[in-house]
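Asker: Protein chains in written order, with my numbering: chain B, 19 to 232; chain S, 6 to 246.
Hints are computed from structural coordinates only; laboratory data are not their basis. Be aware that a few hints might be false.
Below 20 Å or equal to it, Euclidean Cα-Cα: the simulated EDC-like pairs (lysine to aspartate or glutamate) are [to be verified]: (1) B:Lys150 with S:Asp197; (2) B:Lys150 with S:Glu186; (3) B:Lys150 with S:Glu117; (4) S:Lys83 with S:Glu40.
Calculated Cβ distances over 10 Å to all of chain B for the following chain S residues [unchecked claim]: (5) Pro47; (6) Leu77; (7) Lys83; (8) Glu117; (9) Ala121; (10) Leu137; (11) Arg145; (12) Glu148; (13) Leu150; (14) Asp181; (15) Ala215; (16) Val227.
Looking from chain B toward chain S, a few residues come up when the C-beta cut is under 10 Å (computed) [stated by the list, open to error]: (17) Thr139; (18) Gln144; (19) Ala151; (20) Phe174; (21) Gly176; (22) Glu179; (23) Asp184; (24) Ala188; (25) Leu190.
Model, not experiment: these values are computed from the prediction. For glycine and all other residues, C-beta sits at the position ideal for the given N, C-alpha and C.
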Amino acid sequence: MSVRHSLLALLEQGPMYGYGLKSEFEAATGQMWPLNVGQVYTTLARLERDGLVKADVEADGQGQKVYRLTGAGRAELDAWFSSAVSREAAPRQELAIKLIFAVRSPSADVGKVIQRQRAATMRSLQELTRLKADGGGGDDLTAELAWTLTLDGLLFQGEAEIRWLDLCEARLAGTAPGAAAATTAVPASGVDPAAQSEPRSATKPTGARAGGRP
Amino acid sequence: MTPILEVRGVTREYGSGRTTVTALDDVSVMVLPGELVAVMGPSGSGKSTLLAIAGGLDRATKGQVLVDGRDLGALDGKALAELRRRFVGYVFQDLNLLATLTAGENVALPLELDGARPRTAASRARALLAELGMAELAGRFPEELSGGEQQRVAIARAVVGERRLLLADEPTGALDSLTGETVLGLLRRQCDNGCAAVLVTHDARYAAWADRVVFLRDGRLVDQTAPADDLHGPRDPEAVT
């Protein structure tokens with residue numbers, strides 16, 4: 019889970035105190051991932067050191083620091099929203115957290131965050147399937163079986179993630195204010211032109227279209 | 006390399022006027038020999054319509070469909086039926102096999118319909134089933150086969166003869182994971198041998214067997230994964246999203 023990026027996402031909405039960041043984070047994530055204050059301040063110190071946030075001491079004499087996002091911090095946040103979470107490197111919660119903050123963020127396109135992740139997870143499933151088809155290569159049947167079972171486990175996790183992303187997308191399309199925004203934005207850059215025989219129109223209204231077939 | 010299937014800017018509308026429903030909206034997909042392409046998307050997103058149009062079972066309202074380089078829209082009914090019979094094989098979720106024929110007879114049927122003598126057709130069907138590791142199933146009737154066996158026989162029937170385009174609509178729908186995997190393995194092998202296949206599925210684990218995955222939403226293509234060859238290469242995340 020990325021505390022670092024979550025704090026940047028909260029600061030995108032305005033300057034905040036360290037303790038305020040902790041409470042906002044916990045409120046935003048439904049108390050699923052409690053933070054301790056020490057962790058928040060350590061992370062803020064690193065963010066400040068890296069130039070991603072700037073701390074100003076309040077003039078009220080209490081000496082409290084107010085943190086705000088810098089240009090570099092905004093760039094880092096944009097990079098987070100525009101990249102997929104690696105299934106290998108990161109625990110799954112990071113994706114949940116990313117979606118929570120993407121929904122709240124005025125700058126993130128949730129539809130694209132979902133779509134990008136789905137494509138990345140699908141590629142990871144393809145890779146795992148190829149590994150499984152290739153087999154372990156050894157003569158040791160037990161090791162071969164263990165390898166297959168491990169890959170099966172990762173495949174089911176990836177599949178679950180894709181189903182969950184599909185559901186997130188459907189819920190957003192159905193309930194969010196300006197509902198269609200998430201999905202209408204998607205087709206705009208939705209197709210790899212290199213894989214298509216003809217260029218496609220980038221912006222077409224989809225509002226009048228019915229979802230089903232007769 | 007001539008694509009086996011080329012769908013160019015296809016739109017399919019049902020009804021007219023205010024009740025028009027757009028099942029496919031300007032969809033383009035190309036499938037080369039050896040390629041397996043999976044189509045995913047929610048119910049009603051146009052997946053089965055795309056498959057029906059690709060196989061000449063339904064006509065596009067707009068756009069072109071080329072099978073083996075031939076424009077389906079330019080063929081008359083007879084030529085279309087012949088192309089379908091000789092070149093395209095279908096596999097559905099169920100009701101694939103004729104209950105009164107054995108597995109071998111089911112596989113031989115397309116060859117007989119295409120004019121082969123019954124004995125020749127039967128021996129070619131048996132040879133194909135043996136090649137696909139199903140020799141022992143040839144004499145059995147569908148009701149004596151498990152769901153997975155029936156689907157594997159259906160795949161054999163879909164590729165028997167010179168047919169190169171395999172269209173599969175949820176072929177693993179009713180199967181458990183392990184059995185589904187054997188069906189996908191067989192589909193994959195047919196592609197590795199030079200066929201082209203389009204697989205409609207709800208299941209990401211089965212779609213992962215494909216070289217490319219196409220997502221349909223409300224009749225539009227919304228994103229694609231990279232060709233399998235690119236999996237290891239550096240990728241621009243924007244290129245696939």
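Asker: Next step is simple, just say for each hint if it's right about the structure.
Answerer: Now the hints, each set against the structure:
1. B:Lys150 with S:Asp197: 16 Å, holds
2. B:Lys150 with S:Glu186: 11 Å, holds
3. B:Lys150 with S:Glu117: Distance of about 38 Å is beyond 20 Å: violated.
4. S:Lys83 with S:Glu40: 28 Å, violated
5. Pro47: 7 Å, violated
6. Leu77: 16 Å, holds
7. Lys83: Given a closest Cβ separation of 28 Å, the condition holds.
8. Glu117: Since the minimum Cβ distance to chain B is about 34 Å, S:Glu117 lies beyond 10 Å and the statement holds.
9. Ala121: Holds: least Cβ distance 34 Å, greater than 10 Å.
10. Leu137: 17 Å, holds
11. Arg145: 28 Å, holds
12. Glu148: At about 31 Å from chain B, S:Glu148 clears the 10 Å cut-off, so the statement holds.
13. Leu150: 25 Å, holds
14. Asp181: The assertion about S:Asp181 holds, with a minimum of 13 Å to chain B.
15. Ala215: 7 Å, violated
16. Val227: 4 Å, violated
17. Thr139: Given a least distance of 8 Å, the restraint on B:Thr139 holds.
18. Gln144: 5 Å, holds
19. Ala151: 7 Å, holds
20. Phe174: 7 Å, holds
21. Gly176: It holds, given that the least Cβ distance between B:Gly176 and chain S is near 7 Å, below 10 Å.
22. Glu179: 8 Å, holds
23. Asp184: Holds. Min distance 7 Å.
24. Ala188: This interface hint holds because 7 Å falls under the 10 Å limit.
25. Leu190: Check failed: Cβ of B:Leu190 comes no nearer than 12 Å to chain S, outside 10 Å.
The structure fails to meet hints 3, 4, 5, 15, 16, 25 from the earlier list, while all remaining hints are met.
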